[in-house]
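Undergrad: Keeping the supplied structure of chain A fixed, place chains B, C and D upon it in accordance with the hints.
These are the residues of each chain, in order.
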Amino acid sequence: MIKRLLIANRGEIAVRIICACRELGIETVAVYSAADRLAPHVSAADRAIHIGAAPPAESYLNVDRLISAARESRADAVHPGYGFLSERAAFARACEDAGLVFVGPPASVLARMGSKIGARVLMQRAGVPIVPGERPSDQSLEAIRTAVVRVGLPALLKPAAGGGGIGMKTLRDSSEIDDSVERARREALAAFGDGTLYVERLVERPRHIEIQVFADTHGNIVHLFERECSIQRRHQKTIEETPSVALTPALRAQMGEAAINAARAAQYINAGTVEFLLEGTGDNAQFYFLEMNTRLQVEHPITESVTGVDLVNAQLRVASGDRLPWRQTELVQRGHAIECRIYAEDPHQNFLPQAGTLLMYQEPKGPGVRVDSGVIEGADVSVYYDPLLAKLVVWAETRDAAIARAVAALREYVILRVRANLAFLGAILHHPRFISGAIDTRFLEDEIESLRSGLLADDVPLAALAAAAFHNGGESRAPTERTAPKGAADPFVTLGAWRG
Amino acid sequence: MIKRLLIANRGEIAVRIICACRELGIETVAVYSAADRLAPHVSAADRAIHIGAAPPAESYLNVDRLISAARESRADAVHPGYGFLSERAAFARACEDAGLVFVGPPASVLARMGSKIGARVLMQRAGVPIVPGERPSDQSLEAIRTAVVRVGLPALLKPAAGGGGIGMKTLRDSSEIDDSVERARREALAAFGDGTLYVERLVERPRHIEIQVFADTHGNIVHLFERECSIQRRHQKTIEETPSVALTPALRAQMGEAAINAARAAQYINAGTVEFLLEGTGDNAQFYFLEMNTRLQVEHPITESVTGVDLVNAQLRVASGDRLPWRQTELVQRGHAIECRIYAEDPHQNFLPQAGTLLMYQEPKGPGVRVDSGVIEGADVSVYYDPLLAKLVVWAETRDAAIARAVAALREYVILRVRANLAFLGAILHHPRFISGAIDTRFLEDEIESLRSGLLADDVPLAALAAAAFHNGGESRAPTERTAPKGAADPFVTLGAWRG
Amino acid sequence: MGSRREVEIRVGDRALAAQIDEDGTVVVDGRAFAVTRLDEGLYLVRDTDRQWRIAVAGTPEDVWLSVDGHAIRVEMGTRGRARARHTMSGLETSAPMPATVIKVLVEPGSSVRVGETLVMLEAMKMELPIRAPRDGVVRAVTCRAGELVQPGVNLVELE
Amino acid sequence: MGSRREVEIRVGDRALAAQIDEDGTVVVDGRAFAVTRLDEGLYLVRDTDRQWRIAVAGTPEDVWLSVDGHAIRVEMGTRGRARARHTMSGLETSAPMPATVIKVLVEPGSSVRVGETLVMLEAMKMELPIRAPRDGVVRAVTCRAGELVQPGVNLVELE
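The listed protein sequences derive, respectively, from chains A, B, C and D.
Everything in the first sequence is counted per the working numbering, starting at 1 for the first residue and increasing by one.
Everything in the second sequence is counted per the working numbering, starting at 1001 for the first residue and increasing by one.
Everything in the third sequence is counted per the working numbering, starting at 2001 for the first residue and increasing by one.
Everything in the fourth sequence is counted per the working numbering, starting at 3001 for the first residue and increasing by one.
Same shape as in the complex, but just chain A:
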């Protein structure tokens, strides 16, 4: 078993990993940048090592510094968490070279699945459904037109060499083909020096459904069912839940099998996630491989809540060479779990990340309520890192009960002076489309106005103002003309929605 683990991360996930180590008797070594000297992940560990300045490149992304911190502290293993270096093959290889157990898949797997195109080819060979598409070897207009007909409309034209949406064209009608091909090729040539085009079926209004998988070094692979992650904004997930209302038992079984096939094709080891797009509903809904996340996910706690397992504990044991602690048939889903990501961001200013001192910070508690967090009251929220303050994870017997529990917990949450998205999360949970389960990846984009509406200063209860007056009752100084840190007179309230 691992004896001493260095956690190459910060924030809530570093605290989470330290928790798991404590119960396994593994000593922990935290690392920290200059901005995190007093952070909870630092004080929770058995030892902490300063690794550099606040900018990530100088600390949490500094491979050499991390490896030497592991050597200095005589750690025998490294957990990369998520983000930062977690999916970098070079880091995993540096750990392997230094004789450190890397808690995750081998470097070779990270390299293999890190290439989007390579992963797609691998999945296709393994029989995992991918979005139908063609790269005609004949790149003439006629050949591409024929390919579009075979793939079917609506379709996407994509530069084969490209990325980031450059040169990408949506085709809804065959009359658009000629013009779009010309423009796409021109843009692709300009951007990538290669005008080769790829035709792909356009998946409209998909759900984002991912399957948790876990493989050990003895050839065993299981899946731990799905997570519904369609509530996202620019690929940043906001609320996740499991089970997904969109999955029938037959579809769930198919997707689980596909995810295991994907993991097997990747020669995967340890915890991973296979992301799919889901189109349509019922047993006949179609799912397509999107990518594989070769690490622990942010939203792993909802899977833990519903399946009754401890994924981080299992990661540490499997990395130590143990067999998987569960057989597929032993794994069942029970109840419903929802994760709300608590971000330091202002929904009224295009979700601009917020920084500053947490004047007051108090987490909710209660049966079925779990808060994974990396901050405490009085802490400075830094501009250097992800604005994720905490994850509120609730579990209840049914989806309705879980929603009610999440709403009650959000109402109890106190975060003052650094603006956070608590009220926005509450508005999502109260939205009729969310409640009915009729969501897709465009939900936030479609509903953003209604989710932000009803934020009325007039609705502030007089009782709250009475408390404020009493709190400052000893003072009688005049207020200065001053705007709030980020724009005045926008008291950040949605009482209308919350009272429903």
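One should not assume that every hint holds.
No farther apart than 27 angstroms at their CA atoms in a straight line, the calculated lysine-lysine pairs in the BS3-like style are these [claimed, not checked]:
hint : chain 1 : residue 1 : chain 2 : residue 2
1    : B       : 1365      : B       : 1169
2    : B       : 1003      : A       : 365
3    : B       : 1169      : A       : 365
4    : A       : 237       : A       : 116
5    : A       : 237       : A       : 169
6    : B       : 1169      : B       : 1116
7    : A       : 365       : B       : 1116
8    : B       : 1116      : B       : 1237
9    : B       : 1003      : A       : 3
10   : B       : 1116      : A       : 237
11   : B       : 1237      : B       : 1169
12   : A       : 116       : A       : 169
13   : A       : 237       : A       : 365
What the simulated footprint calls covered on chain C by chain B, stretch by stretch (three residues with Cβ under 8 angstroms from a Cβ of chain B suffice, anywhere in the stretch; the number is not a length) [as the list claims (entries may be wrong)]:
hint : segment
14   : 2048-2055
15   : 2099-2113
Chain B side only, calculated, beta carbon under 10 angstroms to chain D, not exhaustive [what the hints assert, rightly or not]:
hint : residue
16   : 1407
17   : 1411
18   : 1420
19   : 1464
Just so you know, these hints were derived from the structure itself, not from any lab.
Model, not experiment: these values are computed from the prediction.
Every residue, glycine too, gets a C-beta built ideally from N, C-alpha and C.
TA: Only chains B, C and D this time, still in chain A's reference frame:
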């Protein structure tokens, strides 16, 4: 559905009930004595009513005051919690008479099961095993001798009219019979005016195993498996867990069936618990009905953790006339849960309850950790009520993992100035007999010395003293000769045991 | 009436009058509440029908309160004086952008000359001195070294 | 050396010498630690090999600390003076039994005459006045109305 609920209780259980109401949209009315004006259960409710002075008889046991508080607040239902008036038929009847839904069984059931002798007769008729015994109609010495032979040795001689152990004699050898009968009869006559004797099998070193049952008003009854409550001191439970290592699947099924039969015989409604003594091990272990607790138990959270249900939520729904939300076949145990009761008591002074101000109070948190509590930092712990401050409830995949999680959580718990039993609980969790599961109701009595040993002031880490010095570094006043509130120079540490 | 204070609460575009008695009776916009302190910054507010648990933090010019998960910012001032005074004041010592406080060079009671550096900030790897806008005496310092500060908040208040 | 303090820590029967530097270096019984304040009463203590998170509360005469779930009481004093001084002091203003504080009649700085009531307690439905044992000035009040107090703790400290 209930619209507004008055909670006729205080402390952690009142807070727990308010949590459940919040999620069901039920308004809550707290009641409080003069000692509880600022208590968490008061501030958590939608409304709070002062019901009298600190002594329970003037507040939480005052039926008239509680009924008028319910009327005043226009509540339509009352939850009695546990303790106080929860098992008093007169209170349930007063609620019924006032048109208030009583969240618990009808007054008639409380009356029926409140009589120990009546309950025993009822159970015997229903075929629920009771401790074998006889009350010979012929009370001659010879007849009693014959009865003892039939019942078997060791046996107990008990005054039929009695209680509280008066006149009770243990018989281990037949040579003791004559003398013991004479003495028991003399004492029984003196104490109760009735010398009739009862002969009962002596159950030695039993386990205390109880079964959670739940019945609705539509004739459905289920059981929710067992709780192992053998870690107790003078009938005050200290640590409970579920599943019990002593129960085989066959025995668990038998005991569950017996508990359902008991509930059916009692015409039971709502949540209740059937307590059994268990003797021996394996499928052939014998269990005997002890009594029925006609209310929610303190230790209900471990059942919630392992079965994945919300018992208080179900109580409120069943009291509103709903059907039980679960069928027996849907209920399964998953993982292992342990409850540690955090008492304000001093294990070194014969567990004397402690009172005073909580100078510092910080609860542990983390995956699988739940703390149900009724106190906050700065609160006064009163001499008037039960010294239970909080319940630490952990859940994990296995018993070993649950023990490790409980130990880690206890180490994180901070309770300063009011002495609490944190270190004592830690010592139990580290005890070889507890770890092996070889426990019975005499465990604490047998092991009390070893559980208290190793409390060495010499083991206080110098690092802790460095923090204390730094905290008070600004001060340079001489210490006054002063004892700690309860006896000086007994720094309350078990570092030996905890480091294992 | 010596124990009663009159204040004006500004929330959004509204200004509401409040009277605060030392016994915890607070009247806001004509409605009376009983306020009890539960803990540091935590209050229980009651009217005849129900009660609220409200968290409050900050200074009178920058009061933050939390009610049912909503964070709300209000300002507090002596009644009537708010409008008269606020034209004289301004963001004279605030950060021009989000920045980290490197050093605070004054403390309450310090006499300062116009142009003297009060606080040294760092943002985008540049040092940004915050200078005294006029001669005066420091009434309050509202930041500390290492803290991240936002524009729109005075870091030092002058008398 | 102006920033270094010497104290004596009494834990159980032992008395240990400690030196505290303002920079957070604390030497206890010859072993050096680096102490950092994390939060009110919460400290991170490091030596070269590992670190501890320690909660501390109370006054020098009655320091409570929590380490790994264990509550420990220690006393703190100026080195060498502890034994000389403590014979002069005593439980001159402590409660005779567990009791509730009804009213505190003095505050820090109050001059009191011998026999004057300092604090009124209630226990077992009786009022129990705590009186000044001598003329003096109140240095500190360590209880408040409504609080439950235990015997063995001075409720008012006289200079």
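Undergrad: Decide, hint by hint, whether the structure agrees.
TA: Hints and how they fare:
A distance of roughly 49 angstroms separates the Cα atoms of residue 1365(B) and residue 1169(B); the hinted pair therefore is violated under the 27 angstroms criterion. A hinted pair counts as satisfied when its Cα atoms are at most 27 angstroms apart, and residue 1003(B) with residue 365(A) qualifies at roughly 24 angstroms. Restraint check: the Cα-Cα separation between residue 1169(B) and residue 365(A) comes to about 50 angstroms, which exceeds 27 angstroms; the hinted pair is violated. For the hint pairing residue 237(A) with residue 116(A), the CA-to-CA distance comes to about 20 angstroms; that is within 27 angstroms, so the pair holds.
Restraint check for residue 237(A) and residue 169(A): satisfied, since their Cα atoms lie roughly 25 angstroms apart, inside the 27 angstroms limit. Proposed proximity of residue 1169(B) and residue 1116(B) is supported: the alpha carbons are some 20 angstroms apart, at most 27 angstroms. Using a Cα cut-off of 27 angstroms, the hinted pair residue 365(A) and residue 1116(B) is violated, with the two alpha carbons roughly 39 angstroms apart. As the CA atoms of residue 1116(B) and residue 1237(B) are separated by approximately 20 angstroms, the hinted pair is consistent with the 27 angstroms bound.
Proposed proximity of residue 1003(B) and residue 3(A) is contradicted: the alpha carbons are some 55 angstroms apart, above 27 angstroms. Pair hint residue 1116(B) plus residue 237(A) does not hold up; C-alpha atoms about 58 angstroms apart against a cutoff of 27 angstroms. Straight-line distance between C-alpha atoms of residue 1237(B) and residue 1169(B) comes to about 26 angstroms, which keeps the hinted pair within the 27 angstroms bound. Of the pairs offered as hints, the one joining residue 116(A) and residue 169(A) holds, with about 20 angstroms between alpha carbons and a cut-off of 27 angstroms not exceeded.
The suggested pairing of residue 237(A) with residue 365(A) holds, with an alpha-carbon distance near 23 angstroms, which does not exceed 27 angstroms. Beta-carbon proximity to chain B at under 8 angstroms applies to 4 residues in the segment 2048-2055 of chain C; the threshold of 3 is reached and the given coverage holds. With 0 residues having a Cβ less than 8 angstroms from any Cβ of chain B, the segment 2099-2113 of chain C misses the three-residue criterion, and the hint is violated. The interface hint given for residue 1407(B) holds, since its Cβ lies 9 angstroms from the closest Cβ of chain D, which is under the 10 angstroms cut-off.
Because the smallest distance between the Cβ of residue 1411(B) and any Cβ of chain D comes to about 4 angstroms, under 10 angstroms, the interface hint for this residue holds. The beta carbon of residue 1420(B) comes within 7 angstroms of a beta carbon in chain D, closer than 10 angstroms, and the hint placing it at the interface holds. For residue 1464(B), the suggested interface contact is upheld, since its CB lies about 4 angstroms from the closest CB of chain D, less than 10 angstroms.
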